[in-house]
Amino acid sequence: MGEKKQDMTQDSGYSIHRRYRGRLEQVGIYFGKLLRMFLYQNDWKVLPMSALVAGLVSIVIKNSFFVSMEGTLRGAFALACVGIWNGCFNSIQVICRERDIIKREHRSGMHISSYVAAHMLYQFLICLLQAALTIYVCRAMKVKFPSEGVITGNMLVDMGITVFLITYSSDMMALWISAVMRSTTTAMTLMPFILIFQLVFSGGIFSLPEWCSGISNFTISSYGLKCIASQADYNNLPMVTGWNTLVKLWGEKVTLKTTYGEALDFLAEGKSPLVDEFRAKKIGGIVTIGEAVDELRESPDMEEMRKKEFTAEMTVGEVVRMIGEDRVREMLLNKTAEASRIEDFDGGSDKILHYWQIFLLISFVFAALSVISLEFIDHDRR
Amino acid sequence: MDYVNMLLQLLLGTNSPMNAVLRLLYLIGLWKILKKSGIPGWWALVPFARDYMLARCADREAEGRVTSVTNALTSLSGAISYAFSQGQWPEWMQLFAVLTTIVMGLTHILYYIRVYNGLIEIYGVRKIWIVPWIAFDFVPSLYWGFSDKYQPKRQVEELREDALSLFTGKDVAVAGQGLTVNMKERSVWDFFRKKYLLRDIHMSIRPGSMVLLLGGSGAGKTTFLNAVNGYEKAKAKVTLDGRDIYAEYKKMQYRVGFVPQQELMRGKDTVYSTLMDAALLRLPLEIPMQDLKKRVEDVMEVFGLKPVRNSLVEKLSGGQKKRLSISMEFISNPSLFILDEPDSGLDGVMARELMQQLRSIADQGKIIIVITHTPDRVIDLFDDVIVLAKDSHRTGRLAFYGTVEEARKFFGKQRMEEIVMSVNRKEEGGEGLADDFIMKYGEVRNG
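So the protein lines, in turn, are chains A and B. Numbering of the first sequence is given in the working numbering, commencing with residue 150 and proceeding in unit increments. Numbering of the second sequence is given in the working numbering, commencing with residue 176 and proceeding in unit increments.
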């Protein structure tokens with residue numbers, strides 16, 4: 150101890166005019182610290198967790214994502230939720246769990262902006278890995294992504310960037326919450342409310358009353374949903390709900406009320422295989438029903454009868470087959486899709502790039518808020 | 176008539192005649208209760224502030240702040256709800272008003288129960304009194320207010336006629352070497368009033384001193400240290416080796432080491448990395464990396480941390496954690512070294528070893544200020560003693576600063592723990608002589 154004591158005194162009293170490590174250098178110190186935490190503090194567990202979540206979601210969305218409007222909407226919402234979930238859990242505790250340590254280090258010359266910037270950098274890498282894992286797992290679970298992407302030319306890359314940006318902006322939001330909350334318990338108590346808020350106010354799954362529809366403009370989920378739906382070309386996909394409902398009603402009986410004239414016209418035009426088959430049937434082996442119908446249609450004696458009404462009981466399936474199954478299906482898919490188009494979901498690079506910019510803006514706003522909130526850390530009550 | 180209603184609503188929180196009478200009775204009782212605790216009774220007539228004042232009588236100031244604010248917000252949301260009932264308002268505003276009323280109302284009730292509990296403790300009555308306080312507050316308010324049988328155990332303000340003579344206001348000369356403290360006050364605005372945490376502290380500590388900081392709980396020891404190192408600035412001039420710590424804080428913070436009571440380090444980091452990061456943060460940029468690493472190695476050796484250099488911090492023993500925490504500050508070789516209970520959680524042998532290490536650091540010409548709750552086992556290692564005490568205004572004051580021997584003579588006590596007991600308040604189990612010693616010390620200083 151004696152010899153050491155000598156050494157210690159020799160370099161004592163550093164001049165106060167010396168320069169100390171500034172903001173940029175400190176980012177490096179804290180980034181290194183966070184990387185060590187990744188190894189020792191089991192922060193790496195967020196990676197397998199994100200793969201697991203992506204796997205579970207893939208099971209649900211794989212058959213209908215990119216296939217129909219409804220499936221794409223559900224898939225887009227689910228993927229956006231995966232990103233939000235991952236992002237929030239990445240950093241909801243990272244600052245509040247070491248709040249007292251930050252106070253101590255701030256007192257020793259740590260710059261809050263450097264500390265937050267180190268987190269931004271570190272979380273950037275984590276979110277990037279999570280987004281890559283999410284897309285990889287979706288592919289592995291046979292979710293059929295279209296091959297062409299609007300921005301990079303590759304849909305997997307485009308979708309990966311979107312999932313990354315959703316995750317990262319949620320991550321920064323959670324970082325801010327972590328910077329504001331004083332303990333991990335409070336942060337984790339708030340967490341479900343944040344997720345429910347994002348889920349309910351995304352505006353995609355639940356229709357919102359007019360007075361609160363504006364709130365969805367402040368949710369990451371809403372932009373996530375819009376961005377993914379745009380990339381999936383939602384507005385040019387068919388809507389299958391109408392047709393599926395009709396198929397479910399196939400055996401249900403319906404009563405048709407029509408006039409003889411309308412019935413004759415319908416049978417004369419023969420626009421479905423079923424009508425053609427009916428027309429070809431022979432009556433008494435001499436004439437076909439079709440010939441008889443045509444004859445009756447032209448007959449002046451039928452003028453009076455044409456206006457008379459009659460009722461017939463048929464199943465939904467018989468009616469559809471009578472009109473033409475393909476014709477009805479095509480009409481239902483297209484007409485319902487046309488009615489369900491959403492302007493925000495229009496494909497196109499401008500729109501997608503616009504959403505990406507919003508995610509970046511959200512990320513930087515929350516990072517800035519984190520810095521501002523932490524600057525007041527010295528005012529914490531003891 | 177509307178104005179009368181509004182006035183009643185504002186003053187009494189209700190506009191129904193029956194409730195107004197009951198509130199008035201409550202306020203009359205409250206006036207007397209406030210007076211009994213040494214607070215002017217007219218505060219009972221000030222809406223919202225009276226909640227805070229009642230909480231002060233109950234020694235529940237923090238709760239008082241919440242009850243005041245929630246009361247104000249509940250009244251506001253009540254007014255908004257009333258406005259809704261009169262016309263068409265957007266749905267979101269209705270939702271907001273309903274939620275605010277529920278949250279504020281619940282918080283208000285819960286915090287008021289805490290205040291009543293405090294009041295029951297201060298008056299030393301049975302817990303069952305909480306029921307009438309919640310259900311018919313005007314009954315206990317009048318009964319406690321007017322009955323001589325019910326007296327608070329302590330006053331909020333205990334003014335003494337000789338209070339002014341407690342203040343010396345006499346600055347010590349700024350020393351070229353060492354630490355000089357000339358503190359007029361360290362105060363905070365606490366809701367409706369200015370609260371003095373520390374007042375009138377003047378001292379000069381020479382380099383190479385190891386100083387013991389004594390004082391009962393709440394005497395302001397940590398506040399004093401935070402004010403000295405510039406972390407929480409006071410109305411003061413604090414100089415270290417002739418340089419103003421407050422004016423040059425950004426530069427001087429590297430020359431002051433503060434070791435907090437808890438081991439505030441990341442448990443999952445290694446000892447070496449923790450020290451290395453501390454060195455990078457605290458040492459000047461010009462120091463070459465090779466020298467910086469050598470400094471880390473040297474400090475690890477001084478504090479006996481070399482055998483655990485690659486261990487995770489969480490795996491260290493209590494003593495090792497303390498030493499690491501100290502070495503994180505020591506790495507920058509500060510001139511002033513402040514330690515808040517560095518021996519807490521350590522056994523006698525380990526605590527003494529640690530203090531001996533601090534003594535050897537002081538012998539290198541540094542100033543070491545230590546707070547400890549077990550001073551007598553290591554008192555031989557200290558040069559000087561600072562005694563802080565809470566005066567009758569509950570403000571932290573300097574009751575003594577001098578050598579250990581002088582302290583023994585001044586207080587007439589041999590053991591440091593006895594000195595603390597003599598200045599502690601009676602309800603804390605002490606002798607309640609704080610004001611006497613503060614005055615005595617003032618007289619000594621004034622010559």
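Keep in mind that the hints were calculated from the coordinates and are not lab data. All values derive from a computational prediction rather than experimental measurement. Every residue, glycine too, gets a C-beta built ideally from N, C-alpha and C. Accuracy of the hints is not assured; some may be wrong.
[To be verified] Pair ranges (Cβ atoms, derived): (1) S332/A / L274/B: 38 to 46 Å; (2) G280/B / E401/A: 26 to 34 Å; (3) G181/A / P459/B: 17 to 25 Å; (4) T338/A / L460/B: 40 to 48 Å; (5) R246/A / T578/B: 41 to 49 Å; (6) R484/B / L509/A: 37 to 45 Å.
[What the hints assert, rightly or not] Example chain B residues on the side facing chain A (calculated, C-beta under 8 Å, incomplete): (7) S322; (8) Y325; (9) L487.
Each hint tested on the structure:
Checked against the hint of 38 to 46 Å, the C-beta distance between S332/A and L274/B comes to roughly 24 Å, which is inconsistent with it. At roughly 54 Å, the beta-carbon separation of G280/B and E401/A lies outside the given 26 to 34 Å, and the hint is violated. Between G181/A and P459/B the Cβ separation comes to about 20 Å, which falls inside the hinted range of 17 to 25 Å. For the pair T338/A and L460/B, the supplied restraint of 40 to 48 Å holds, since their beta-carbon distance comes to about 42 Å.
The hint said 41 to 49 Å for the Cβ distance between R246/A and T578/B, and at roughly 44 Å that hint holds. Between R484/B and L509/A, the C-beta spacing of about 42 Å keeps the proposed range 37 to 45 Å intact. For S322/B, the suggested interface contact is broken, since its CB lies about 37 Å from the closest CB of chain A, more than 8 Å. At about 33 Å, the closest approach between the beta carbon of Y325/B and any beta carbon in chain A exceeds 8 Å, and the interface hint on this residue is violated.
With a cut of 8 Å, the hint placing L487/B at the interface with chain A holds, because the nearest CB-to-CB distance is about 6 Å.
Checked against the numbered hints given earlier, this structure breaks hints 1, 2, 7 and 8; the rest are met.
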